[in-house]
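Asks: Chain W is fixed; fit chain D onto it per the hints.
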Amino acid sequence: MTDAVPFALFTSVLDAISDGVMVVDEAGTITHFNHQFVRMWSIPDAILATRSERRVLDHMAQQQASSKTPEPRTLGSLDVASEVVIELMNASIIECRVRSCRIRDEVMGRIWTFADITERWTEEEENRRSRQLLALHVQQTPLAVIRWGLDFTVREWNPAAERIFGYPASEAIGRHASFIVPEHARSQVQGVWEGLLAHRSGHRSSNDNVTAAGETIHCEWYNTPLVDASDAVVGVASLVEDITARRRLEHEREVLLEREHEARVDAEELVQVRDDFIAVASHELRTPLSALKLQLELIPQILGPTAFPGKERFEALVRRSLRQLERFVGLVNELLDISRARDASIVLERKGVNLSRLVASVIEQHRSESQAAGCIVTADLVDAVDGQWDPIRLEQVVVNLFINAIKYGAGKPIEIEVRSDPDTAWLVVRDHGIGVRPEDRERIFERFGRAVPVTHYRGLGLGLYITHQIVRAHGGRIVLDSEPGQGSTFTIELPRRVATTEASVQPTVSLHP
Amino acid sequence: MESSERRQHEVRGCEPEGRAESCDAILVVEDDDLIRETLQFALDLAGYRVFAAANGKEGIELLTSMPRPCLILLDLMMPVMNGWEFVEAIGHDAELTTIPIVVVTAFAEKARSIRAHGVLSKPASLSTVLAVVSECCTSSRDALT
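Chains W and D, in that order, give the protein sequences. Counting from 1, one number per residue, gives the positions in the first sequence under the numbering used here. Counting from 514, one number per residue, gives the positions in the second sequence under the numbering used here.
Bound conformation, chain W alone:
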């Protein structure tokens, strides 16, 4: 074989390959090169003609934008048997290699090869960036990130996993999953694993785990099978959230709610017990009162009509005793009413009631009291004001308002009015006494709500509450108009007939300025 054939083959090969090639002898003279080399570096003919390695390298160096290899190198400073990756001005990335050329132990020169690795490089850059980002996430995330091999052993274990399960990566990697799964959860976890491998299921599961300290925690697992190009499962990636604290809080909240409910039931029971007691006590109190009252009333009968020294005074004393008894009976009645009125619904027994007549009778019944208090009572009662009301309860209302007027308006006149229109009846009780302060207006209608010191005025503070309940039950309302020091006007408004939608009536106290 002559030198010519191999040489022709050699040049063909050079032109066939994609890399750029430059062969240089020991003296630095270019002996061979290919088209790709020329094109890659845009080497002008003039420089090529010099066949000078130095000149060509200088030219190449000018194309260089930056070096991509760790230690920045310039082409000219390349050692024999080294490589460097550089970026050109035109954004191409070229991998440059130089190897010494030996033929039978004799160094003949150098072979330069240049590969355009732009695509590969950019891809690698992107991959590198993605991997970096992923690694950052894995490091920073509060979720445990665990990668499992097909044998269900740990391959990757992030800082959050270390924190949650208490094992450093060095201890965790290589271990079978059972190290963080308590006995009772193992079959469940195994089921999840098998589902994942079969691509069927298991993407989300919730189970107990156990930490290095032996503590049982509860975790939410988000699992993804990892597949290769042929879609075969090669492992599983898991994100794990420790929800022990959350579950405990939820449980605590339930416990608290239940306890609060129990407390409320207890409180209601207590209130019921108290109310039952009041009812029984009132009954028990009324029994001896009954006898006492009858006996006091008998005294005048027993004494007979004959006069004797001190008889008038004695009879006056008896009358006063009777009044005290009445007061006592009144208090007991109030107590009993209050325990009954606690239930929202007062059951009314409606009958035809003539309000004017009722009011007139109440005024008459309490004449001695109003006179004793120095209150002159004027009544303006329109005839035939009737309606379907509960007479017993309505009388309670009238008595309460009248007694209050006497109590708080002592020494001053009292005016009472009854009037009506076809649908409504009004009862107005006006006194000129101490009045009600604005801040007390609502309180006096509450149970035990009083606006005056107990040392100056008697009473349990229940009258207006009961009155309000009764008026409300009738579908009516109470309006209070009052000025401290000027007196008070209470106006009761009552529908004369049962409203067809009684439940929808929302009546209460209305407060005038």
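To be clear, the hints were calculated from the coordinates, so they are not data collected in a lab.
Which chain W residues face chain D? A few, computed with CB under 8 Å, are given here:
1) Thr287
2) Lys293
3) Gln295
4) Leu298
Selected chain D positions facing chain W (Cβ under 10 Å, derived; list incomplete):
5) Glu550
6) Thr551
7) Leu552
8) Phe554
9) Met590
10) Ser634
11) Lys635
12) Val642
Since we're looking at a predicted model, the values are computed, not measured. Ideal Cβ placement from N, Cα and C applies to all residues, glycine included.
Replies: Leaving out everything else, chain D in the frame of chain W:
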């Protein structure tokens, strides 16, 4: 009449038949000794013939031996046989069931279910009791005047 017990006072009136001729016998059924004795005393003073029982059972027994009363004053809360049971018991007797009953009780509402001619609320005043009684009975004093 005092208004405080008038609030519970409902007397529908005694039927004339219950008051045939001059009837002045009254049955008081009340477990509290003091109330019972005071009532007895008061009614006696007013000219009636009073028979008293301490519970429903005694009341029923008395009814068999006493003259037919023009009125029964009946308490509700009693041992042995209470007021409701008493009313139910005499309800079976065609004769006894026509006797007017006035319930005297501290719990007027509980009496609403009873077939009674009237309800008086404890503590009832003497005048109220006497007025109610006089509607159903003729006192021996009335008979004299």
